[in-house]
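2 protein chains.
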Amino acid sequence: MSVTAPLGFRAAGVVAGLKDGGDRDLALVVNDGPSRAAAGVFTRNRVKAAPVLWSEQVLRGGRIGAVVLNSGGANACTGAAGFQDTHATAERTAGALDDSAAEVAVCSTGLIGERLPMDALLPGVDKAAAELSRDGGLAAADAIRTTDTVAKISFRRADAGYTIGGMAKGAGMLAPSLATMLCVITTDADLDAVVLDRALRSATAVTFDRLDADGCISTNDTVLLLASGAAEVAPAEAEFTALLTEVCADLTRQLLVDAEGASKAIAIEVVGAASAFDAVTVGRAIARNNLLKCALHGEDPNWGRVLSAVGSTEAVFDPDEVNVAINGVWVCRNGSVGDDRGKVDLRPRDVTITVDLSAGAESATVWTTDLTAEYVHENSAYST
Amino acid sequence: MSVTAPLGFRAAGVVAGLKDGGDRDLALVVNDGPSRAAAGVFTRNRVKAAPVLWSEQVLRGGRIGAVVLNSGGANACTGAAGFQDTHATAERTAGALDDSAAEVAVCSTGLIGERLPMDALLPGVDKAAAELSRDGGLAAADAIRTTDTVAKISFRRADAGYTIGGMAKGAGMLAPSLATMLCVITTDADLDAVVLDRALRSATAVTFDRLDADGCISTNDTVLLLASGAAEVAPAEAEFTALLTEVCADLTRQLLVDAEGASKAIAIEVVGAASAFDAVTVGRAIARNNLLKCALHGEDPNWGRVLSAVGSTEAVFDPDEVNVAINGVWVCRNGSVGDDRGKVDLRPRDVTITVDLSAGAESATVWTTDLTAEYVHENSAYST
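Here the protein sequences come in this chain order: A and B. Using this note's numbering, the first residue of the first sequence is number -8, and each one after it goes up by one. Using this note's numbering, the first residue of the second sequence is number -8, and each one after it goes up by one.
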């Protein structure tokens, strides 16, 4: 399962000693081919961690032979020395695999602004290489966790005879431009880098990119897609993209449910928008409204805070024509008081807010969480 | 003091019965002239409360004879009926003062999406009119409080012989486009509406507009400036603007310190920016970063979260040339690890974050608060 569900991939997750407590903290995923076509999407934050800068460079060739990932340190804001650390990690991985560092992607996650303990990390790379196996996917998924309470894995098999598998991590700093997260997706389908890139951008745009837990954009977000071609099947692009989107949606849902301190999983459906851009903009503005997120935590259907968030955007709408439903009850009709808010049941963990802008036919869903005292606690204590 | 410090103004604050608990909830400020020149700035939220729509209309004439303000209900998202309620409030005020409703501004604050109890509000207007006095400024400031723990008042006397006084309220939903707030400022200087408008826009742009407690833009924000001319002094515009800015800065500081649930008052000074716009943009991005706000609550000098926020903007900067100081310690130099973060003392309530973008000569300061469990608690329980 996970990244080793498709043919042609081995993985491992080991204890390198980067994290206190003796948990796994280093993962390795290797593509044994025959193909090495790959694609990636990265954070849009202009402050990019060293491994992001490195992996973007690797991807220029459209090929990835291996991905080495560590938790226990983001290697972000570490200057030229931090970039050398990433380079050394790729070289050590390449050495252990008798391969070229130019096709080794690197991902890191953890605290920003601290150098990685390379004396622990490099031996960890050797250890992971020695433990690579066809059933190492779950250990790899476990090794990339930070504050994640569970490992996130997914896979789908196509009738056409190929498989897509994936693992992800991310619990805080979830925002557009990819939730804070590392994600490696593998497939044994035989597709070239151009098709993989298009498919990955299409799939992430409607999944990871629409998860916004706290509006904070990470320096390290990375989603990689590796194709081995080992299933000897070349699916149609649309069909592959649809299945890839399913895997991404499944992982996104797992990230949402495990988000730091959250007690609600909130889907914001914006309908009747003049454009998809408007729908996403309005969805994100609502997802980022701290006051609303507090209200939902308190199970209070405070739709005024929804309208207040909608009104802060430049989207096309008339304030007197906006309708809002919370868990199916249309509490706001035509921008004013609608059905009895007392009828809204906010006790379930899943909450759906539907906003009808009455301005067109486009729609989008953005996912977020509530704002809780536990979120504050986890994030006031994280680095100390 | 407060709005009655300048000559030519009377005020009152009474219990109309809009709020539970018997606190004052209706205020009236009357300009006895001889001048009635006035200016106002309002929320940029496109979902505007009925009293905002009304008062914008009043201001088109450049004159205000009276302002009636209520807490206990925002009269926002209440449709045409809500607008009629505002109109009726202005008419009742005009009737009690034997004046014209066209020169009566209205302000409301409280929960969005509920009609005001007009059977309590209208008699409250009569009561306030009967209690108007030259020393009613403090009662008026008290009556506009919602979750504010203290009344916010300020005044300054100019050597030239005129006075500026003001009152404000606002504790949550503090954001740019004016913090959630109602503010009435009075002066006995003799200035026309055009000068007042320029002075007010200039003063609010660098004070209220740079306070961002939670990124949420209210539907009701209003700042009004009324000039009676009773001091028979016509100050130079620059001098008046400077004094007005002092009053606005004082009130802004009071709003910051009393913000809901906050335990820190944070000043974000952005220097070395290519433009003032960049400086404000970067300051706001930092002010809205929930993860940083949690870290500061935990007294953790997590400068990585500052850089991550800077990187989410389009401002001109090179990630390798950004410097960050927290309470005077330059913990980040050239985008990487700087001085020992252990030297940062985050125990005082006042926190200063300095970000040097090394991209120019412009600067701006934005104020915000930390994110606390108390904020979550207050805002999960507000409407119920």
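Errors might be hidden in some of the hints.
Pairs count within a copy or across copies, as identical chains cannot be separated in the list.
Stated by the list, open to error - In silico DMTMM-like links for lysine to aspartate or glutamate, alpha-carbon gap of 25 Å or less:
#1 Lys334 with Glu230
#2 Lys255 with Glu365
#3 Lys334 with Glu260
#4 Lys334 with Asp90
#5 Lys118 with Asp90
#6 Lys255 with Glu369
#7 Lys255 with Glu223
#8 Lys334 with Asp11
#9 Lys10 with Glu365
I should point out that these hints are in silico values taken from the structure, not numbers from a laboratory.
Original post:
What hint numbers does the structure not satisfy?
Top reply: 1, 4, 7
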